[in-house]
Each structure stands twice: as structure tokens, then as C-alpha cells.
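**Q** Residues per chain, in single letters:
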Amino acid sequence: GQQLNQSPQSMFIQEGEDVSMNCTSSSIFNTWLWYKQDPGEGPVLLIALYKAGELTSNGRLTAQFGITRKDSFLNISASIPSDVGIYFCAGPYPNNQGGKLIFGQGTELSVKP
Amino acid sequence: DTGVSQNPRHKITKRGQNVTFRCDPISEHNRLYWYRQTLGQGPEFLTYFQNEAQLEKSRLLSDRFSAERPKGSFSTLEIQRTEQGDSAMYLCASSPRTARGHSPLHFGNGTRLTVT
Numbered sequence: 001g002q003q004l005n006q007s008p009q010s011m012f013i014q015e016g017e018d019v020s021m022n023c024t025s026s027s028i029f030n031t032w033l034w035y036k037q038d039p040g041e042g043p044v045l046l047i048a049l050y051k052a053g054e055l056t057s058n059g060r061l062t063a064q065f066g067i068t069r070k071d072s073f074l075n076i077s078a079s080i081p082s083d084v085g086i087y088f089c090a091g092p093y094p095n096n097q098g099g100k101l102i103f104g105q106g107t108e109l110s111v112k113p
Numbered sequence: 001d002t003g004v005s006q007n008p009r010h011k012i013t014k015r016g017q018n019v020t021f022r023c024d025p026i027s028e029h030n031r032l033y034w035y036r037q038t039l040g041q042g043p044e045f046l047t048y049f050q051n052e053a054q055l056e057k058s059r060l061l062s063d064r065f066s067a068e069r070p071k072g073s074f075s076t077l078e079i080q081r082t083e084q085g086d087s088a089m090y091l092c093a094s095s096p097r098t099a100r101g102h103s104p105l106h107f108g109n110g111t112r113l114t115v116t
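Top to bottom, those sequences are chains A and U. Here the first sequence stands for residues 1 to 113, where the numbers follow my numbering. Here the second sequence stands for residues 1 to 116, where the numbers follow my numbering.
One or more of the hints may lead you astray.
20 angstroms max Cα-Cα, derived DMTMM-like pairs, lysine to aspartate or glutamate [said to hold, decoys possible]:
hint, chain 1, residue 1, chain 2, residue 2
1, U, Lys-57, U, Glu-44
2, A, Lys-112, A, Asp-38
3, U, Lys-14, U, Glu-56
4, U, Lys-11, U, Asp-24
5, A, Lys-51, A, Asp-38
6, U, Lys-11, U, Asp-86
7, A, Lys-100, U, Glu-83
8, U, Lys-11, A, Glu-41
9, A, Lys-100, U, Asp-24
10, U, Lys-71, U, Glu-56
11, U, Lys-71, U, Glu-44
12, A, Lys-100, U, Glu-44
13, U, Lys-14, U, Glu-68
14, U, Lys-71, U, Asp-24
15, A, Lys-112, A, Glu-54
16, A, Lys-100, U, Glu-28
17, A, Lys-112, A, Asp-18
18, A, Lys-70, U, Asp-86
19, U, Lys-57, U, Glu-68
20, A, Lys-112, U, Glu-68
21, U, Lys-71, U, Glu-52
Hints listed in this document are in silico derivations from the structure and should not be mistaken for laboratory results.
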């Protein structure tokens, strides 16, 4: 079935460093979404991408919709302790108009002050 | 916008008991989704409603699971004869239907179920 593969699975970085993570699929997606989940809470939308090649920023976060439509990237600049959490990529199933999303397995980010 | 609200936040139950969770979506959102999340995994789709109609169910949703959205507002998810494998975080999300055809989902904080 459809799968989204996130890399890396986990990252341990120093405060102030930049972070890059990616998400790949064997299938084409028409939308890419990036969510962050803090412990004990639900995922919160960070960035939504709707067009191949699109580059969108939200504060220190920048995400890109890959031109092949099979991948997406999320970058975090100058990380801070509150960036700690699990980052998920997600996309709607192709030809699915119901809004159902498939999620990657997440990248867990740890930031050392 | 008060966000998606889920109750209870935590539920501990004994194997074989029935449990029911409630979700109150964002008021103007007509789509409501249930997801399940286990440790170390991303959320997995269970079912979704458009208004009061349940339009799709995942094969993950066994016959012990039932979801309702009787008036197109809040929804309930019931698990009958719970099993230890049902232990997970159950997430509810909602979204509006837009001309774009897809809108990002807004999640609640989930109900964490532990079956002993």
C-alpha cells in the first residue's frame, strides 16, 4: 500500500544548529503537509504545500514540495529547545477527495541546550 | 475557534470492557476523522464523516469498533470487548470542505487508551 518514508528517524542536535529532514514516497502526491507532535498532544500543522517545486516558510521553518512530487523536505534554522518533538510528513491518498491523510513514521528531534 | 476537543484524555480499562470516546470538532468543520496512533508510529486512518454520513472505514476498523456522528457535530468512537492490542492514542481531527478538494486536518489532543 501507500507509504511515506521519513529520514532520519531521529536527530540529536545542539541548540542553534540547522536541521533538515525529508519524506519520500513511491507514489505521486498532490499535497504535502508537515505536522509537529509534542508529547501527549495531537499533531499540529506547520506547513502545507500544494504545488510541485513550491517553497514555503513559517518562521524558522521552510518546507519544499519536490519537483518529482514524490518527496518533500523540511528545514529548521537556528533550532531552539522548543523545537523538540516528532515531525510528521503527510499527504492525501491520490484520487481521494475525502481528505484522508497518510502519515510517515516521524522524525524525532532532540535539541540540547 | 476553540479547536478540536477530545474526552476523556486518558482511559484505563480491563480487557473485555467497552469504552467510548467523544470528539467535538471545530464548529464550522463538516469533515471529522478518527485516527489511531501507536508508539513510534504516525497516525493511521480509521474512519471519516462528512456531516453525519460515515463515508469511509479502514480495514483497521474491526467489527468491535463503531463510530457515530448523529447530528453532524460531535462524534463518538466505541470499542467493544477491548483487547490489549487496542491500547493506543485515538486522535480525532476535523477539516472544512473547500473548493481545493483537500484541507489540512486539525487534530485534537487525543484519548490515550490503556487496556490491561
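**Q** Could you tell me which of the numbered hints above are not met by this structure, giving the numbers in increasing order?
**A** 3, 5, 7, 11, 13, 15, 18 and 20
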